[in-house]
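Hey, can you work out the whole structure from these sequences and the hints?
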Amino acid sequence: MSTHSFTLNGERVTVDVEDDVRLLWVIRDILGVTGPKYGCGINVCKACTSHINGKAFNPCSVPVGAISDDDEVTTIEGLADGETLHPMQEAWLDRDVAQCGYCQPGQIMAAVAKVNQCRAEGRDVDDEAIEEIRNICRCGTYNRIREAIKAGADNM
Amino acid sequence: MAHHRLASPPKETGLHRSVGRRKFLGYLIAAPTLVVAAELGREQIFGAPEASAAALPSAPQTPEVYDLLDALRDAARPTANLIRVEVNRDGTVSFALPRSDNGQGIVTSTQMIIAEEMGLDVDQVRVTLADARPELLFNQITGGSSTTFTTYTAIRVAAALAQGRLLEAGAQLLAQDVRTVTSRKGLILGAGGRSVPFSALAEKAASATTEQVEVTLKAREEFTVIGKPHNKTDARDIVTGRKVFATDLKIPDALPTVICRAPDLNGTPDDVDNLDDVRSMPGVTDVEVVTTGVAVRARTFGQAIDAVNALQVSWNRGTVAGEDDESVLRRVRAAELPMAVPAGVGKTVDRAFTFYFASNSSLETNCCIADVREDRAELWGPMKNPIAAQGDIAKIVDLPISKVTVHVTQGGGSFGRKLFYDAALEAAECSKAFGKPVKLMWTRADDSRQGRVHPLSTSRVRAQVGADAVLSYEQRHTSVATQINPGFGEPITAAAVKAPLGNLTLSESIFELTQVTPYEFGVSTRLLNEVDMRFNTSAMRNIYSPNVATARELMVDELAATMGKDPYEFRREFLRGERLRAVLDAVAKEGRWGRSMKKGTAQGLGVHTEYKAATAALVEIDCRPETVDRPIREGVTGPRVTRVTFAVDVGLVINPRGLEAQMMGGINDAIAMILTSSLHLTDGHFVEASWDNYFYTRQWNTPPELNIVLVESDAPEPGGAGELGLSAACGAIATAYARATGTVPEYFPINHRDPFPFEPKPLVPPIPESPTDGLDHTY
Numbered sequence: 000m001s002t003h004s005f006t007l008n009g010e011r012v013t014v015d016v017e018d019d020v021r022l023l024w025v026i027r028d029i030l031g032v033t034g035p036k037y038g039c040g041i042n043v044c045k046a047c048t049s050h051i052n053g054k055a056f057n058p059c060s061v062p063v064g065a066i067s068d069d070d071e072v073t074t075i076e077g078l079a080d081g082e083t084l085h086p087m088q089e090a091w092l093d094r095d096v097a098q099c100g101y102c103q104p105g106q107i108m109a110a111v112a113k114v115n116q117c118r119a120e121g122r123d124v125d126d127e128a129i130e131e132i133r134n135i136c137r138c139g140t141y142n143r144i145r146e147a148i149k150a151g152a153d154n155m
Numbered sequence: 000m001a002h003h004r005l006a007s008p009p010k011e012t013g014l015h016r017s018v019g020r021r022k023f024l025g026y027l028i029a030a031p032t033l034v035v036a037a038e039l040g041r042e043q044i045f046g047a048p049e050a051s052a053a054a055l056p057s058a059p060q061t062p063e064v065y066d067l068l069d070a071l072r073d074a075a076r077p078t079a080n081l082i083r084v085e086v087n088r089d090g091t092v093s094f095a096l097p098r099s100d101n102g103q104g105i106v107t108s109t110q111m112i113i114a115e116e117m118g119l120d121v122d123q124v125r126v127t128l129a130d131a132r133p134e135l136l137f138n139q140i141t142g143g144s145s146t147t148f149t150t151y152t153a154i155r156v157a158a159a160l161a162q163g164r165l166l167e168a169g170a171q172l173l174a175q176d177v178r179t180v181t182s183r184k185g186l187i188l189g190a191g192g193r194s195v196p197f198s199a200l201a202e203k204a205a206s207a208t209t210e211q212v213e214v215t216l217k218a219r220e221e222f223t224v225i226g227k228p229h230n231k232t233d234a235r236d237i238v239t240g241r242k243v244f245a246t247d248l249k250i251p252d253a254l255p256t257v258i259c260r261a262p263d264l265n266g267t268p269d270d271v272d273n274l275d276d277v278r279s280m281p282g283v284t285d286v287e288v289v290t291t292g293v294a295v296r297a298r299t300f301g302q303a304i305d306a307v308n309a310l311q312v313s314w315n316r317g318t319v320a321g322e323d324d325e326s327v328l329r330r331v332r333a334a335e336l337p338m339a340v341p342a343g344v345g346k347t348v349d350r351a352f353t354f355y356f357a358s359n360s361s362l363e364t365n366c367c368i369a370d371v372r373e374d375r376a377e378l379w380g381p382m383k384n385p386i387a388a389q390g391d392i393a394k395i396v397d398l399p400i401s402k403v404t405v406h407v408t409q410g411g412g413s414f415g416r417k418l419f420y421d422a423a424l425e426a427a428e429c430s431k432a433f434g435k436p437v438k439l440m441w442t443r444a445d446d447s448r449q450g451r452v453h454p455l456s457t458s459r460v461r462a463q464v465g466a467d468a469v470l471s472y473e474q475r476h477t478s479v480a481t482q483i484n485p486g487f488g489e490p491i492t493a494a495a496v497k498a499p500l501g502n503l504t505l506s507e508s509i510f511e512l513t514q515v516t517p518y519e520f521g522v523s524t525r526l527l528n529e530v531d532m533r534f535n536t537s538a539m540r541n542i543y544s545p546n547v548a549t550a551r552e553l554m555v556d557e558l559a560a561t562m563g564k565d566p567y568e569f570r571r572e573f574l575r576g577e578r579l580r581a582v583l584d585a586v587a588k589e590g591r592w593g594r595s596m597k598k599g600t601a602q603g604l605g606v607h608t609e610y611k612a613a614t615a616a617l618v619e620i621d622c623r624p625e626t627v628d629r630p631i632r633e634g635v636t637g638p639r640v641t642r643v644t645f646a647v648d649v650g651l652v653i654n655p656r657g658l659e660a661q662m663m664g665g666i667n668d669a670i671a672m673i674l675t676s677s678l679h680l681t682d683g684h685f686v687e688a689s690w691d692n693y694f695y696t697r698q699w700n701t702p703p704e705l706n707i708v709l710v711e712s713d714a715p716e717p718g719g720a721g722e723l724g725l726s727a728a729c730g731a732i733a734t735a736y737a738r739a740t741g742t743v744p745e746y747f748p749i750n751h752r753d754p755f756p757f758e759p760k761p762l763v764p765p766i767p768e769s770p771t772d773g774l775d776h777t778y
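Heads up: the sequence lines are chains R and D, in that order.
Note that numbering that gives the first Met the number 0 has the first sequence beginning at 0, numbered continuously upward.
Note that numbering that gives the first Met the number 0 has the second sequence beginning at 0, numbered continuously upward.
Simulated from the structure, these hints should not be mistaken for lab results.
No experiment lies behind these values; they were computed from the predicted model shown.
Backbone N, C-alpha and C define an ideal beta-carbon position, used for all residues, glycine too.
There may be inaccurate statements among the hints.
Stated by the list, open to error - Here are the simulated lysine-lysine pairs, DSSO-like style, with alpha carbons at most 30 Å apart:
hint: 1; chain 1: D; residue 1: Lys-227; chain 2: D; residue 2: Lys-184
hint: 2; chain 1: R; residue 1: Lys-149; chain 2: D; residue 2: Lys-588
hint: 3; chain 1: D; residue 1: Lys-564; chain 2: D; residue 2: Lys-588
hint: 4; chain 1: D; residue 1: Lys-22; chain 2: D; residue 2: Lys-217
hint: 5; chain 1: D; residue 1: Lys-217; chain 2: D; residue 2: Lys-184
hint: 6; chain 1: D; residue 1: Lys-435; chain 2: D; residue 2: Lys-394
hint: 7; chain 1: D; residue 1: Lys-184; chain 2: D; residue 2: Lys-22
hint: 8; chain 1: D; residue 1: Lys-597; chain 2: R; residue 2: Lys-149
hint: 9; chain 1: R; residue 1: Lys-149; chain 2: D; residue 2: Lys-227
Claimed, not checked - Using C-beta positions, here's what the derived DEER-type ranges look like:
hint: 10; chain 1: R; residue 1: Lys-54; chain 2: D; residue 2: Val-627; range: 24 to 34 Å
hint: 11; chain 1: D; residue 1: Asp-374; chain 2: R; residue 2: Asn-52; range: 44 to 54 Å
hint: 12; chain 1: R; residue 1: Asn-52; chain 2: D; residue 2: Asp-120; range: 38 to 48 Å
hint: 13; chain 1: R; residue 1: Asp-125; chain 2: D; residue 2: Asp-772; range: 26 to 36 Å
hint: 14; chain 1: R; residue 1: Asp-125; chain 2: D; residue 2: Glu-568; range: 37 to 47 Å
hint: 15; chain 1: D; residue 1: Asp-531; chain 2: R; residue 2: Asn-52; range: 48 to 58 Å
hint: 16; chain 1: R; residue 1: Asp-125; chain 2: D; residue 2: Arg-372; range: 55 to 65 Å
hint: 17; chain 1: R; residue 1: Ser-67; chain 2: D; residue 2: Arg-594; range: 52 to 62 Å
Said to hold, decoys possible - Now the stretches of chain R that chain D is said to cover, found in silico as 3 or more residues with beta-carbon under 8 Å:
hint: 18; stretch: 56-62
hint: 19; stretch: 76-87
Encoded structure:
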């Protein structure tokens with residue numbers, strides 16, 4: 000067992016746990032932050048999508064030992080600015096995207112990162128870009144997700 | 000002289016008749032604050048169109064059930080089986096819905112129904128999911144798209160009664176005539192701008208005695224909430240990560256628990272070589288052999304998974320050892336029932352279709368928290384059938400039913416799977432074995448390989464066509480047995496279903512109740528036969544309908560071609576009923592039926608009636624090689640459904656936005672069922688272990704253009720929506736594909752016999768190891 004420190008949603012956190020435990024379980028089971036969901040554990044379903052230093056990643060596939068002291072991890076809980084929601088969250092509300100909601104934290108975090116990536120690469124946030132998002136929604140909310148990403152991007 | 004005519008009923012004016020239909024009996028309940036109640040109709044579990052009352056499965060009589068459920072002491076109270084609306088001292092109105100919400104939006108629609116009767120804003124109504132209430136008997140099951148249909152009137156009766164009492168109490172307090180006071184946003188408003196909040200009336204309006212009272216419901220013309228689009232009321236919690244699912248709950252000492260499962264489907268543990276070694280692994284607290292495998296409890300799920308993979312277990316063979324798709328299909332085909340009409344009259348069209356196994360695994364895997372003590376047990380899980388769960392759990396933990404509390408949590412998708420409570424039974428057994436609370440979760444590989452499946456089936460169709468009429472239409476649906484088990488939601492029918500032949504009878508009843516050939520096709524027969532292969536099965540947004548409809552709509556296109564008619568014109572001519580014709584016309588107009596399409600692309604139609612609703616879909620599909628072969632890493636592209644126009648008449652619509660969402664979900668399921676996703680049985684196990692093997696619809700499969708048309712209806716009651724979107728869409732995708740390619744598929748999904756586009760994951764160890772390179776794939 001060793002000690003690991005990093006920043007989670009703007010707060011310093013420290014945990015004592017074995018190096019090879021994947022970050023998802025450190026976040027959920029030890030730190031009690033449950034926005035990122037388990038859906039496969041092998042970086043396929045993307046339900047746990049969060050941000051590390053502003054980029055989308057899947058903590059189910061990162062050992063806590065690979066996280067550095069100065070890494071900033073953001074889960075869905077850290078996306079809003081206090082009670083002021085991120086434009087992508089607002090777009091999700093406007094379009095009434097969520098059904099069960101289990102995959103939606105990951106969908107929103109993926110959408111924000113995809114928009115940022117497109118901006119950085121000088122690409123449009125169009126259907127082609129959205130179809131690069133691999134997150135699974137078993138309720139089948141994909142069509143509203145598309146509309147919300149485009150609307151959210153306009154306000155980002 | 001004999002009377003040959005029945006006496007005419009007393010004449011009613013339109014006004015009286017309309018009020019008469021809105022008059023119901025409710026109950027005032029003796030309580031410190033205002034509590035009102037109404038009875039849920041027991042006969043309305045599986046409402047089906049055109050179903051004969053004689054064919055309804057008969058429910059056990061109440062006394063029989065009470066005799067057997069001796070734990071139900073309080074069931075003798077005359078009001079025990081009621082649902083209650085409560086006005087609290089803080090002025091809020093609360094209601095515990097005896098149903099399970101897995102995203103279908105029934106909490107929101109229930110809030111809307113109560114808000115409508117009580118003049119409240121929707122968010123002023125608090126709706127929670129009720130714990131298991133065994134006294135409700137058949138009325139705590141969430142299935143068959145029945146929730147709104149079965150609860151709508153009862154909830155309105157209770158809410159209207161509460162509203163009436165508040166108006167009376169408010170009028171008294173204001174010293175005004177009750178006919179002059181009104182109610183809005185939680186205030187009783189009197190003349191002269193005076194008002195009293197509900198909070199001041201919660202006690203005053205309370206009843207000292209329990210009594211039955213007559214109540215008149217609000218007239219439909221006065222609705223201001225019902226029928227208006229409303230967003231889901233948990234949406235903000237969802238987008239901020241605050242919505243709590245079962246595995247998010249923080250129950251003291253309920254540590255992560257995972258079961259090591261057999262390589263075979265339903266294999267069981269024989270012996271474990273290294274129990275003690277595994278018990279000493281990092282984070283592990285407990286390891287015990289249980290019925291379905293070897294259970295590990297640990298500090299984190301990751302450590303529990305590592306320990307599961309380290310276990311060296313010898314296994315007993317499973318229930319379908321050595322079997323595969325083809326061997327199961329042979330058994331099913333051997334059980335196909337013969338056609339009734341002999342060939343030879345007119346032109347005969349014969350078709351046979353196969354539908355392979357599909358997974359109804361939701362994003363939230365099977366899960367449950369259990370805290371089993373010597374004298375009581377408490378469980379938390381997403382259960383659509385909590386009364387039956389409570390009964391079975393009581394047996395496992397050897398406690399009376401009254402000592403078992405089952406909390407129903409918000410579920411992360413169900414689609415039929417969570418009618419079963421496999422994880423709850425395991426959690427109860429594990430907690431009892433460890434003597435500690437557990438948070439039990441199935442891994443994705445467990446959920447995909449050992450979880451419940453939509454059964455493999457065949458549909459044979461024969462029709463005989465004359466010069467300008469279809470003379471006969473016969474469909475024989477033959478399926479791996481679908482467990483309707485656990486029955487209608489309580490221990491008695493659950494037990495009945497487990498008895499030999501019990502499930503078969505129930506399946507046939509449900510097939511007969513739900514399957515309608517909605518065309519004027521002369522002699523029309525539909526029969527079901529099931530082969531019990533001891534698979535773990537359940538509905539997936541319905542059991543039979545999507546497959547039956549796919550076969551039927553393909554056949555309808557063939558019959559149209561045989562008679563030289565356009566598929567739309569043919570359907571228009573032969574469809575039964577104006578509601579179906581109206582939705583068909585709506586999609587033909589909105590979707591521009593018959594517009595010119597490029598080679599390799601085509602339009603297709605499908606219609607379906609069920610759940611007191613009518614639906615039609617017009618699909619456009621692109622089957623050109625450059626589309627089918629689009630390169631997508633670890634995904635299946637295949638033909639692309641490019642445009643869907645879907646029309647629905649569901650009767651009275653509570654929440655149009657929620658209804659559209661359910662149709663969208665059904666359409667995306669239909670794309671998966673027809674084009675991309677199935678399970679493959681090989682050597683006694685299912686191959687697919689995760690979403691990179693099982694190709695449920697992804698963004699790259701979903702239609703870029705989707706238009707859902709809600710067709711106005713004057714039907715007085717709401718129909719069912721949860722499964723409604725699937726069948727017509729399946730039919731339309733299949734017919735579009737057949738028209739685009741010129742080939743009628745003989746099996747579904749169409750890619751089932753293609754080579755695997757993946758390397759199958761190992762069976763031992765049972766759980767694929769989590770990668771460690773996640774930081775190499777950031778974006």
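Hints violated by the structure (numbers, ascending) = none
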